[in-house]
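Enquirer: Next come the chains, spelled out residue by residue.
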Amino acid sequence: MLSRTADHLYWMSRYTERAENMARLLDVTYQMSLVPKSVAAENQNWGAILALNSLEEPFARGYDAVTAENVLRFMISDANNPASIYSCLRAARENAHAVRGTLTSETWEACNSTWIELRSQNFQQIVSGGIEQFFEWVKLRSSVVRGVTFGTMLQDEALHFIRLGGLIERGDNTARILDVKYHVLRSKGDENATDFYQWAALLRSVSAFEVYRKVYRDIITPERVAELLMLRPDMPRSLHACTKGIVRVLRALSNHQSAETERLAGMLHAQIHYARIDDILRQGMHEVLTEFMNHIFNIGEGINRDFLAQL
Amino acid sequence: MGKNYYNEMYDAAGSVRPPYSGYAEWLAEMPAERIASKRAEADIAFRRVGITFAVYGEEAGTERLIPFDIVPRIIPANEWRQLHVALCQRVKALNAFLYDIYHGQEILRAGRIPREQVLNNTQFRPEMIGVDVAAGIYAHIAGVDLVRAGEGEFYVLEDNLRVPSGVSYMIEDRKMMMRLFPELFSRHKVAPVQHYPDMLLENLRTVAPPSAADDPTVVLLTPGAYNSAYFEHAFLAQQMGVELVEGRDLFVSEDTVYMRTTRGPQRVDVIYRRLDDDFLDPRAFRPDSMIGVPGLLSAYRAGKVTLANAIGTGVADDKSIYPYVPDMIRFYLGEEPLLRNVPTYMLRKPEDLKYTLDHLPELVVKEVHGAGGYGMLVGPSSSAAQIEDFRQRILAAPEKYIAQPTLALSNCPTFVESGVAPRHLDLRPFVLSGKEIQLVPGGLTRVALREGSLVVNSSQGGGTKDTWVLED
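In order, the protein sequence lines correspond to chains A and B.
In terms of the working numbering, the first sequence has 206 at position 206, counting the first letter as 1, and numbering is strictly consecutive.
In terms of the working numbering, the second sequence has 274 at position 274, counting the first letter as 1, and numbering is strictly consecutive.
None of these hints come from the bench; they were simulated from the model.
For glycine and all other residues, C-beta sits at the position ideal for the given N, C-alpha and C.
Among the hints, erroneous ones may be present.
Claimed, not checked - List of simulated lysine to aspartate or glutamate pairs, DMTMM-like, C-alpha gap at most 20 Å:
#: 1; chain 1: B; residue 1: Lys435; chain 2: B; residue 2: Asp215
#: 2; chain 1: B; residue 1: Lys175; chain 2: A; residue 2: Glu106
#: 3; chain 1: B; residue 1: Lys175; chain 2: B; residue 2: Asp43
#: 4; chain 1: B; residue 1: Lys400; chain 2: B; residue 2: Glu388
#: 5; chain 1: B; residue 1: Lys175; chain 2: A; residue 2: Glu109
#: 6; chain 1: A; residue 1: Lys214; chain 2: A; residue 2: Asp234
Said to hold, decoys possible - Simulated restraints on C-beta separations:
#: 7; chain 1: A; residue 1: Asn122; chain 2: B; residue 2: Arg179; range: 32 to 40 Å
#: 8; chain 1: A; residue 1: Gly130; chain 2: B; residue 2: Arg179; range: 31 to 39 Å
#: 9; chain 1: A; residue 1: Thr290; chain 2: B; residue 2: Glu202; range: 51 to 59 Å
#: 10; chain 1: B; residue 1: Arg34; chain 2: A; residue 2: Gly130; range: 30 to 38 Å
#: 11; chain 1: A; residue 1: Gly62; chain 2: B; residue 2: Gly224; range: 25 to 33 Å
#: 12; chain 1: A; residue 1: Gly130; chain 2: B; residue 2: Glu25; range: 47 to 55 Å
#: 13; chain 1: B; residue 1: Gly452; chain 2: A; residue 2: Val127; range: 45 to 53 Å
#: 14; chain 1: A; residue 1: Gly130; chain 2: B; residue 2: Val420; range: 39 to 47 Å
#: 15; chain 1: B; residue 1: Arg81; chain 2: A; residue 2: Ala309; range: 19 to 27 Å
#: 16; chain 1: A; residue 1: Ala270; chain 2: B; residue 2: Pro265; range: 32 to 40 Å
#: 17; chain 1: B; residue 1: Asp214; chain 2: A; residue 2: Gln125; range: 55 to 63 Å
#: 18; chain 1: A; residue 1: Ser33; chain 2: B; residue 2: Pro287; range: 53 to 61 Å
#: 19; chain 1: A; residue 1: Arg61; chain 2: B; residue 2: Glu183; range: 58 to 66 Å
Bound-form chain B, shown alone (with noise of 0.2 Å):
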């Protein structure tokens, strides 16, 4: 592709970033056994201790291990802090801009955004209109996914506001690094992350709602034991401390929520909720939805509960939404973004279609409501036939693709088979918005293992990497 990729570990002259300095040393010392032996210490212990994932279109229950690189991700301390300031920031219009549509749509009538944009989305719950929700929160958990492509130049791919997921590998990777090479951690002084499950937990706390008792149950909804991210929801209830409950374990009763315990029923205040808006209650949404409480939406709306992530923050994370977040920081915020967007070609426009369609080989193509990395074409690293192919369903449906230009991603030295060698990367930090806004320091760093590769989707062979930040 003959791009100059930033890397993450050597500047452009082939010498070693001042934060990677020690770790860079410490690698150059270490014995190629020493360092295969570890990797097949982590390989057996992920498996023992079960953090796998199911992987969907593949034989039902199938588990695997996200592969796991030792070579840490490092961002340094002023590199972070101002990280830190910029995903509050979106974050924060991301919340506004929730409350103002499903209130007096500010945004719409001041014509910063197409009405049609997001009232004819599908992701746009009317149920939710004139609803109030405990402190003005929908997204209480973002996790934003950003890519840098050159010197302090990051770029949000996306928001991910709905159930957002890769948090335990944030805290499973770090437990890992510090258990392989104790030594490493007093060389370096990095920030800690494992108490992110309290301060999720304090964050929920914090919007439980009004008639709630003083001391809030708290309780994480899973899909069940065959969701993909069954694991993390089991490890993030064990680590809170709060019951991990299925839609049978709920029931509705004059607009209250309760679980079924040995006890008899027992009352839920807040719900963090891993399972997507359509399953949620099948009175309301999907009437097929197994997984559901019924009456949920009803106890919901009547301010009995609350629900985290809200219902109806989908309008704000998707594709075609996505071009407008920089605004929408100027209309609620008053200020410039921090972040950078990238420029997103919209198909539905035709002159956007005309570019896109003369551009293919050059473009990433997604669907707009597509996630996890399915369906979507890279243009530099497909065929002529994908891409004719990619073409055809591009016309007959182009309102379902945005396209963007292929980023140069940065890459960062990573254990392959043929060696250690550069691999793209993106990075995943976790917001979370309750009575303030805080983030641990660091996130999930997941790692295109395909040479080339811009795809890190763990269902796509990704792999992930800790991720440290350092302290002054």
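One chain only, chain A, in its complex shape (with noise of 0.2 Å):
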């Protein structure tokens, strides 16, 4: 396949799961800002998601508070924010048409309806149709396409190139939401009821509630939250399931330069397999968290620089 080809499969795809990440991030906020507290720390909540995607200066350049409405104005439908949702769902349906030969046509299609529906309101219309309904909407849609990609594509490297880019995304994402949601949990020190549906907002964002019960049947700790996020092999958006999947793409994916990437990928994979959430907790979430999105990043420029540069 194109090197191009399969950098705008892999984009593609990136975009999508990004857009319906931060849907998922911004819902949690949302769900966490309304069990009651003081404004001062509520508006630090919205802060943090600035700065878990380092956007403080442009934020800064066009708004003038970081307030609720602010962030989630700037973060959904802003479209100077290249990580808003907008910004986002816009590049995957570009990266998509670039390529929309390759795709089947209900995978486009998915793809540009979603695009031509969001184009279609604005933020204002946004809120006044709730704005769960919309986070919802996004997610749905999202699911809307992986399914019809999964459901109706060939089975061959360009599912490969779109799998890949949304387990990159996927495993990176995971690690943020989790970073940022157990910071601000656990800083607080203090265990009482808010905790629980502040838990229990973090498990649904990543569609994780029902099953944290499934697989626990016991009350929410934060230690069961971090295991499941990250080191249960059945939890699909967990980073064991994330590594695992990129270590088997990469294998099916192989070529004659790639055998660094996939040694990078094999080792975080085993790193996460074989790791235990006491001596995780005992190092530092933060720092683990940290460490992992750093390996994630440098296998996402070996796939680079592997497949999709353009030498």
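Join the two chains, each given in its own frame, into one complex according to the hints.
Expert: Listed below in structure tokens is the structure:
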């Protein structure tokens, strides 16, 4: 397959996944904000989203204060913000457009109609329609694109690159959500009833609330939440599941120059595979997750170099 | 204008012509609401599938739908048979002409065409002299624009031998008609056109260079996603199952063309290119082209790759060469032309210039190198001021223009805002040349949606219709 085609497929998938995860992150922050707390504390949570994506500066150029509404507007509808849901879905559609001949018509149409529908509403309309419904819609559209892709596309190289983009992005995004929320939740130090709602919201944001109940059949504790989202092989958005998928897809795509990238992915997966949550907590969640994100970044660079770069 | 235009559906007495009888009956039975809802359905479907085109001169990235009309243009079997033979004849002669002017130049030596008309033409490519192209074919794909002025009376407007587009609309319009009105297709025997991409691929494979493998690699080269015809490029590549490449995906090494793939370089044998000569190779043509492939001309001249269409075909479809096509047919084939040429005044000739300037309100004036309906004057529908303005432009550089009488283009009932009304149309069949000459029965019918307009180009607000060739 053409390197450029692979590049478009990979980024189409990454941007679709990124939009979905941004919706998840904004959703959990919004849910958490519904639990009573001081205005300052709430604004701090919204500010954390900007910090997570290193967007404080671009944000400050267009908005005067870090408030729920401003951050939501910036992260949902602002065309000047490359990380906004709007920009991600536009980029996903543009990448799909560039390779529409490689996609099945169903996949292309799903991607295109997501964009057309998003474009037809401004931020005010999204808010008045219910912001939670909007997040549900983004997640649903992402599922539709994914479902149609896996349900209609030939299981060849093109699909591998789509999978790879999705897995890299998802691994990175799960780590990010966990990093920012775990940090905020644990730093308070006290155990009370509001915590339950906060942890529940976090689990829901990664579609893991029911899963948690099913797996642990017990009260929600931070350690188990971390374990579920990092180490469980059967949890589809966990770091374990993502790295395992990356290793498999890279094996299928293997070419004459990809050995080093495969090695990096294999090592990262082995680390997660054989890790124990106690050790991770002892080392520090933030440190472990930061290291994980660095590794994912390096694997992404390797993929770019080995398969996608225009030599 | 007071002319008696030929109506495709009704004869002069107002009775339905035989090929349209089934359709007219069906249309009369259709409730207006059903028609309206079907038209809306077509619009939504075209937008959802993304069958759009970009319009130059508007905001970057502007995508528009080409209006689709649900009244088909119907061609009876016997008429199509004649057109088929006539089109093959014309394209065969055009390819013979191209071979000749890049080799022996017999036609120039015989004095049938003035030498300077060919050799000084900006579309003539000296780089191609003496180059042997596979099967001696230059114009593998020709989109010949035809108009009808009366019963069995077809004229060629333009030959379009460079990168003719529109074939995707021919196929998508058929798909849409079958989806909206399946019952019509059980009432009529409409010849299929959907196999065009297969025919094209087969045709391209037959002109692979001799050095190619048994299973030659064909690619489609596009200028990119922002080109006005990108939809068509992607569509054809997908339908043929070949890679859709951009210039940056290809490179030349030792006169062989390769594409960059996730598994390393892969040799390319045939390039169906959808960009103009000027942009193909920055080393040979425009050095500022970012969308070409450096070294491509050299590989091509070495016979390591086939370009479809060949470099330098523009000299044969140039408006200043057009008047000589009937002579080419006589010269190369020894036959009388079966299709008519529109009488053409070449304004570089003083007597033609004088006649044209005296008769501007009756004539159509076109730029010799213009295309897409840009930069032309349609005398009968222009204001005195527009005509005066054009007169000045002609006087400034008469050699840049040709003039033709305004043809009485046929019209066909078409849905417009005020209801169903006659609108002018043309027809672009696509003629494929490889080891043999082939075409699918049909083509792209373009329709001028503005009342009285004779300009059918999509960039000028034209629409399209499904084109039915009926089988016996």
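Enquirer: The structure should be examined with respect to each hint, and the outcome stated for every one.
Expert: Cross-check of the supplied hints:
Taken as a hint, the lysine 435 (chain B) and aspartate 215 (chain B) pair is honoured in the structure, with Cα atoms around 16 Å apart against an allowance of 20 Å. Distance check on the hinted pair: lysine 175 (chain B) and glutamate 106 (chain A) sit about 16 Å apart at the alpha-carbon level, within 20 Å; holds. With a C-alpha separation of about 13 Å, the suggested pairing of lysine 175 (chain B) with aspartate 43 (chain B) holds against the 20 Å cut-off. Under the criterion of a C-alpha separation no larger than 20 Å, the hint pairing lysine 400 (chain B) with glutamate 388 (chain B) is consistent with the structure, at around 17 Å.
A distance of roughly 17 Å separates the Cα atoms of lysine 175 (chain B) and glutamate 109 (chain A); the hinted pair therefore holds under the 20 Å criterion. Between lysine 214 (chain A) and aspartate 234 (chain A), the direct Cα distance comes to roughly 12 Å. Compliance with the 20 Å bound is thereby established for this hinted pair. Range check, asparagine 122 (chain A) to arginine 179 (chain B): Cβ separation about 33 Å, and the 32 to 40 Å hint holds. Checked against the given bound of 31 to 39 Å, the beta carbons of glycine 130 (chain A) and arginine 179 (chain B), roughly 35 Å apart, stay inside it.
One distance hint, 51 to 59 Å for the beta-carbon pair threonine 290 (chain A) and glutamate 202 (chain B), holds here, with the actual separation near 57 Å. Separation of arginine 34 (chain B) from glycine 130 (chain A) is about 37 Å and conforms to the stated range, judged on CB atoms against 30 to 38 Å. Roughly 31 Å separates the CB atoms of glycine 62 (chain A) and glycine 224 (chain B), a value that falls within the hinted 25 to 33 Å. Checked against the hint of 47 to 55 Å, the C-beta distance between glycine 130 (chain A) and glutamate 25 (chain B) comes to roughly 52 Å, which is consistent with it.
About 49 Å separates the C-beta atoms of glycine 452 (chain B) and valine 127 (chain A), a value consistent with the hinted range of 45 to 53 Å. Between glycine 130 (chain A) and valine 420 (chain B) the beta carbon distance is about 45 Å. The supplied range of 39 to 47 Å therefore holds. Checking the proposed 19 to 27 Å range against arginine 81 (chain B) and alanine 309 (chain A) shows it is violated: the Cβ atoms sit about 54 Å from each other. Taking the beta carbon of each, alanine 270 (chain A) and proline 265 (chain B) are about 34 Å apart, inside 32 to 40 Å as hinted.
Checked against the hint of 55 to 63 Å, the pair aspartate 214 (chain B) and glutamine 125 (chain A) passes, with Cβ atoms roughly 59 Å apart. Distance hint check: the CB atoms of serine 33 (chain A) and proline 287 (chain B) are about 58 Å apart, consistent with the given range 53 to 61 Å. Arginine 61 (chain A) and glutamate 183 (chain B) have their C-beta atoms about 60 Å apart, which keeps the hinted 58 to 66 Å range intact.
Hint check: a violation occurs at hint 15 only; the rest are consistent with the structure.
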